[in-house]
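Student: Sequence:
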Amino acid sequence: MAVLETVVIAFWAMLPAYVPNNAAVLAGGGRPIDGGRTWGEKRVLGDGKTWRGTAAGILAGVALAAVLTYLAPTVSDLVGVDVPGFVPGAAVGLAAGAMLGDILASFLKRRTGRQRGAMFPGLDQLDFVVVSLPLTALLATEWFLEVFTLGVILVVVVLTPILHVTTNVIAYKLGLKNEPW
Numbered sequence: 001m002a003v004l005e006t007v008v009i010a011f012w013a014m015l016p017a018y019v020p021n022n023a024a025v026l027a028g029g030g031r032p033i034d035g036g037r038t039w040g041e042k043r044v045l046g047d048g049k050t051w052r053g054t055a056a057g058i059l060a061g062v063a064l065a066a067v068l069t070y071l072a073p074t075v076s077d078l079v080g081v082d083v084p085g086f087v088p089g090a091a092v093g094l095a096a097g098a099m100l101g102d103i104l105a106s107f108l109k110r111r112t113g114r115q116r117g118a119m120f121p122g123l124d125q126l127d128f129v130v131v132s133l134p135l136t137a138l139l140a141t142e143w144f145l146e147v148f149t150l151g152v153i154l155v156v157v158v159l160t161p162i163l164h165v166t167t168n169v170i171a172y173k174l175g176l177k178n179e180p181w
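Counted from 1, the sequence shown has number 168 at position 168 by our numbering; the numbering is strictly sequential.
It should be emphasised that the hints constitute simulated quantities derived from the structure, not laboratory data.
All C-beta atoms, glycine included, are put in the ideal place defined by N, C-alpha and C.
Fair warning: there could be bad hints in the mix.
Stated by the list, open to error - Between beta-carbon pairs, the in silico distance windows are:
1. 118 to 166: 14 to 24 Å
2. 165 to 40: 23 to 33 Å
3. 145 to 117: 30 to 40 Å
4. 41 to 166: 28 to 38 Å
5. 173 to 4: 21 to 31 Å
6. 59 to 116: 17 to 27 Å
7. 104 to 153: 12 to 22 Å
8. 146 to 36: 42 to 52 Å
9. 181 to 158: 15 to 25 Å
10. 176 to 2: 31 to 41 Å
Just need the whole structure built from these sequences, with the hints factored in.
Tutor: Given below as structure tokens:
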């Protein structure tokens, strides 16, 4: 598989995991998942992790996977790369795994004394990847093994932090985020 083809497949395959956290921010608010509970005098997760945001993020990722599946044949013809459609288990695994990864990162941030929005290099950029890939492998094993070759996984691990930092800086400059990370 050529490098460009691997990059296209990696980006396409990860889109249902890239979108949920952004959708959660837009639709968030409401009741925090942790209900305001503390553990060791620190919030378990914080106000930024809500049931509504989590549900909206998962639904956005699954809906995007459905749209991408519909568009896959046309996009494949246009770009000359066979981009995959998404089986239901893959759509749910990528979207829910992204949200769960972000929730777990929030938990780790609270345990290490970081406040909401505080930077945690490495974790901030890859939290959703670290959970979404194994969950997808569990829920859609055959699809995962076909799509996520070693080359695709390597591109995801390298491309994701670059995309994450770039989009966050843009959102910060547009006034959509309070911090550029």
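Student: Which of the stated hints cannot be reconciled with the structure, identified by number in ascending sequence?
Tutor: Violated hints: none; all satisfied.
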